[in-house]
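There are 2 protein chains.
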Amino acid sequence: MANIKQIAQMAGVSIATVSRVLNEHPYVKEDKRAAVLDAVAKLNYSQNMNAVHLVRGKTLMIAVILPYVNHPYFASIIDGVANAALACNYKLLLCQTDYQAEEEYKVLELLKMKQIDGIIICSKTISWDVIEPYASYGPIIACENAGDREISSVFIDHYGSFKLGMDYLITKGHQHIGYFIGRGDSYNNINRKRAYAEALQAIGETPREEWGFDRVFTFERGVEVIRQILTMKERPTALIGAGDDPAAAIVAEARKHGIRVPEDLAVIGLDNQPIAEVMGITTIEQSMKEVGGLAFQAFYERINNKDLPPTKHELPFRLIERSTV
Amino acid sequence: MANIKQIAQMAGVSIATVSRVLNEHPYVKEDKRAAVLDAVAKLNYSQNMNAVHLVRGKTLMIAVILPYVNHPYFASIIDGVANAALACNYKLLLCQTDYQAEEEYKVLELLKMKQIDGIIICSKTISWDVIEPYASYGPIIACENAGDREISSVFIDHYGSFKLGMDYLITKGHQHIGYFIGRGDSYNNINRKRAYAEALQAIGETPREEWGFDRVFTFERGVEVIRQILTMKERPTALIGAGDDPAAAIVAEARKHGIRVPEDLAVIGLDNQPIAEVMGITTIEQSMKEVGGLAFQAFYERINNKDLPPTKHELPFRLIERSTV
DNA sequence: ATAAAATATGAAAAGCATTTCAGGTCAAGC
DNA sequence: GCTTGACCTGAAATGCTTTTCATATTTTAT
Numbered sequence: 001m002a003n004i005k006q007i008a009q010m011a012g013v014s015i016a017t018v019s020r021v022l023n024e025h026p027y028v029k030e031d032k033r034a035a036v037l038d039a040v041a042k043l044n045y046s047q048n049m050n051a052v053h054l055v056r057g058k059t060l061m062i063a064v065i066l067p068y069v070n071h072p073y074f075a076s077i078i079d080g081v082a083n084a085a086l087a088c089n090y091k092l093l094l095c096q097t098d099y100q101a102e103e104e105y106k107v108l109e110l111l112k113m114k115q116i117d118g119i120i121i122c123s124k125t126i127s128w129d130v131i132e133p134y135a136s137y138g139p140i141i142a143c144e145n146a147g148d149r150e151i152s153s154v155f156i157d158h159y160g161s162f163k164l165g166m167d168y169l170i171t172k173g174h175q176h177i178g179y180f181i182g183r184g185d186s187y188n189n190i191n192r193k194r195a196y197a198e199a200l201q202a203i204g205e206t207p208r209e210e211w212g213f214d215r216v217f218t219f220e221r222g223v224e225v226i227r228q229i230l231t232m233k234e235r236p237t238a239l240i241g242a243g244d245d246p247a248a249a250i251v252a253e254a255r256k257h258g259i260r261v262p263e264d265l266a267v268i269g270l271d272n273q274p275i276a277e278v279m280g281i282t283t284i285e286q287s288m289k290e291v292g293g294l295a296f297q298a299f300y301e302r303i304n305n306k307d308l309p310p311t312k313h314e315l316p317f318r319l320i321e322r323s324t325v
Numbered sequence: 001m002a003n004i005k006q007i008a009q010m011a012g013v014s015i016a017t018v019s020r021v022l023n024e025h026p027y028v029k030e031d032k033r034a035a036v037l038d039a040v041a042k043l044n045y046s047q048n049m050n051a052v053h054l055v056r057g058k059t060l061m062i063a064v065i066l067p068y069v070n071h072p073y074f075a076s077i078i079d080g081v082a083n084a085a086l087a088c089n090y091k092l093l094l095c096q097t098d099y100q101a102e103e104e105y106k107v108l109e110l111l112k113m114k115q116i117d118g119i120i121i122c123s124k125t126i127s128w129d130v131i132e133p134y135a136s137y138g139p140i141i142a143c144e145n146a147g148d149r150e151i152s153s154v155f156i157d158h159y160g161s162f163k164l165g166m167d168y169l170i171t172k173g174h175q176h177i178g179y180f181i182g183r184g185d186s187y188n189n190i191n192r193k194r195a196y197a198e199a200l201q202a203i204g205e206t207p208r209e210e211w212g213f214d215r216v217f218t219f220e221r222g223v224e225v226i227r228q229i230l231t232m233k234e235r236p237t238a239l240i241g242a243g244d245d246p247a248a249a250i251v252a253e254a255r256k257h258g259i260r261v262p263e264d265l266a267v268i269g270l271d272n273q274p275i276a277e278v279m280g281i282t283t284i285e286q287s288m289k290e291v292g293g294l295a296f297q298a299f300y301e302r303i304n305n306k307d308l309p310p311t312k313h314e315l316p317f318r319l320i321e322r323s324t325v
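As given, the protein sequences belong to chains Y and R, one line each in that order. Quick note: the first sequence uses full-length UniProt numbering, first residue 1, plus one each step. Quick note: the second sequence uses full-length UniProt numbering, first residue 1, plus one each step.
There could be a bad hint or two in this list.
One copy or two, it doesn't matter: identical chains are merged, so the pair holds either way.
[Claimed, not checked] Here are the simulated SDA-like cross-link-like pairs (lysine to any residue), alpha carbons at most 20 angstroms apart as the crow flies: (1) 32 with 233; (2) 289 with 274; (3) 112 with 31; (4) 112 with 40; (5) 58 with 129; (6) 112 with 45; (7) 112 with 43; (8) 172 with 4; (9) 233 with 144; (10) 58 with 106; (11) 256 with 323; (12) 163 with 194; (13) 256 with 215; (14) 106 with 52; (15) 29 with 204; (16) 58 with 308; (17) 58 with 25; (18) 172 with 259; (19) 256 with 280; (20) 106 with 60; (21) 233 with 264; (22) 306 with 185.
These are computed hints drawn from the structure, not numbers from a lab.
All chains, please: the whole structure from these sequences, using the hints.
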């Protein structure tokens, strides 16, 4: 592969001039510019980006940390990030961690090693305390409330949204309410559980262990929730959960077993993914795609102005009434 | 940030020795190794990967070209690639193109500019003839049959799988069959349309323009298909299509309008995504996740042995009978 | 005891492009 | 006619690491 030196030689100019042409700097005479362009074409030259990155100290690349790609919640965030990144000519490094701390560390190291300019964290295992120091190497953005740190946050009040759903169910007369969530110890889900417990407490109910379902990310796990409920003597009359996919599975599986929805079992999903509309599932809308887009913007602003402090951006949610409550 | 020179100075060795320690080369005395490691810790040193990439001519990074991330078919492929890549310590550059040729070119250029070591193409706009020359800069793998080229292919016989579905419908007595596919001019969909037409021809039917639905990627578009069918005087008795999401939407929307499935309208989806199982949709299973994994493997083998010729790997499919036919 | 092989280390080259600095030309303004 | 500023160009420094080659020291084998 040709390099800039050979271009310079062929065009009869210095490498500095070649660089100027390549980077569209002013102050290059038209004839030299033409000669350089000609040589570039003749030698089929392209820059070696690794050299460019080395000297510039930037890569125009941002990493996204998430446990699973193949999951509508995260896919929506990526979608948002990808579109925003595209517009700013940034590339997206996808880091699927499966919640392995080791994988998360690798990405943080990537930032330190200047292979990426910043990180967007959708969901993670290691603590913010460990992550925060890495913010000195480049902007880190959280898609959840990271608190008061050197880390920007774009988030939805998951406590509030779950509370909204709970209050709605309670208004509809439900007292025996269960929940299903993803990874139970994530920040978002801890808040949801708190909202759940507090809402129950307000009507004098105590949460029952067996009505709380953990690790419910997928259709399959939604099906299992119903199978488990079928084995119970006392069953919940309503379920609220973190995801429309499992909610859809729960509705479908329940009906398969003769459980009427919403009469015998009310269900509230989360996200307002297309499937919720198609299946008429009552859900709480929150635009994760927008979260992704704003997360990238938060990154972009900070990378272009190092003096900017970390920001916090909270996005709204709203209940969408359909036919499962 | 510290660099290797400072480490060398602090440890009282040459930079060559530091590099040896960092890269775990043999032939370094234990005391010097310790001194280097000590200096690394003290100065909080990390390699500058851009320099490493420059000198090595590799980045341990592979790009995936696809139109949409937020789509189960592509998300499955990514999932497969991501897992395989993780195991080989490769990073994944996600290139969402929205079928814009310009974006696809950018990725090809990335390969030429040595920013990535190879490319996996899930679906694309520009022709293989244009893409092929770039294979001289690094392995390019297609997740469809790229034909006889310098490009490896991992694919499913989409002609065959659609044919299987058609024959199944015909066996079940259907003659008025419609189809729904994604982007109509993609290689895969051209083959599907061919299978569709040939199967109809075999029973003396002519395909009807209005029973073929294009650009049906999503739930929403599935809903629209039914809405359109409702306006028709003569309606198809069966639909076969490229995707379980739209198939699910079609089934749900049909029932909403009093069209019985499968009695009035039979539906076959594609992929056997979880939703197909939950909703009991008859579908054709094809493991796109496996396609992704094998695509990465094909890349990995070629990057580690430049002499290897491009490979072709065809994966099986099978009909899964459920309750929508 | 001596040749051969293994171990250990550093200087310098190679990988490639950007940017600063210094020096130059040329035209406009006073 | 002279100063000033805009325009243009190249040498050299900079960013950082890996790897080759030459050399030196030990160890092992004969």
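To see whether the hints hold, each was checked on the structure:
no., hint, verdict
1, 32 with 233, "neither (85 angstroms within a copy, 69 angstroms between copies)"
2, 289 with 274, "within (13 angstroms within a copy, 22 angstroms between copies)"
3, 112 with 31, "neither (43 angstroms within a copy, 27 angstroms between copies)"
4, 112 with 40, "between (34 angstroms within a copy, 14 angstroms between copies)"
5, 58 with 129, "neither (25 angstroms within a copy, 33 angstroms between copies)"
6, 112 with 45, "between (31 angstroms within a copy, 9 angstroms between copies)"
7, 112 with 43, "between (36 angstroms within a copy, 13 angstroms between copies)"
8, 172 with 4, "neither (72 angstroms within a copy, 66 angstroms between copies)"
9, 233 with 144, "neither (37 angstroms within a copy, 51 angstroms between copies)"
10, 58 with 106, "both (18 angstroms within a copy, 18 angstroms between copies)"
11, 256 with 323, "both (17 angstroms within a copy, 12 angstroms between copies)"
12, 163 with 194, "within (9 angstroms within a copy, 53 angstroms between copies)"
13, 256 with 215, "neither (23 angstroms within a copy, 32 angstroms between copies)"
14, 106 with 52, "between (23 angstroms within a copy, 16 angstroms between copies)"
15, 29 with 204, "neither (82 angstroms within a copy, 70 angstroms between copies)"
16, 58 with 308, "within (18 angstroms within a copy, 35 angstroms between copies)"
17, 58 with 25, "within (19 angstroms within a copy, 29 angstroms between copies)"
18, 172 with 259, "within (18 angstroms within a copy, 32 angstroms between copies)"
19, 256 with 280, "both (16 angstroms within a copy, 10 angstroms between copies)"
20, 106 with 60, "both (19 angstroms within a copy, 13 angstroms between copies)"
21, 233 with 264, "within (14 angstroms within a copy, 39 angstroms between copies)"
22, 306 with 185, "neither (33 angstroms within a copy, 46 angstroms between copies)"
Figure legend: structure checked against the earlier numbered hints; hints not met, in rising order: 1, 3, 5, 8, 9, 13, 15, 22.
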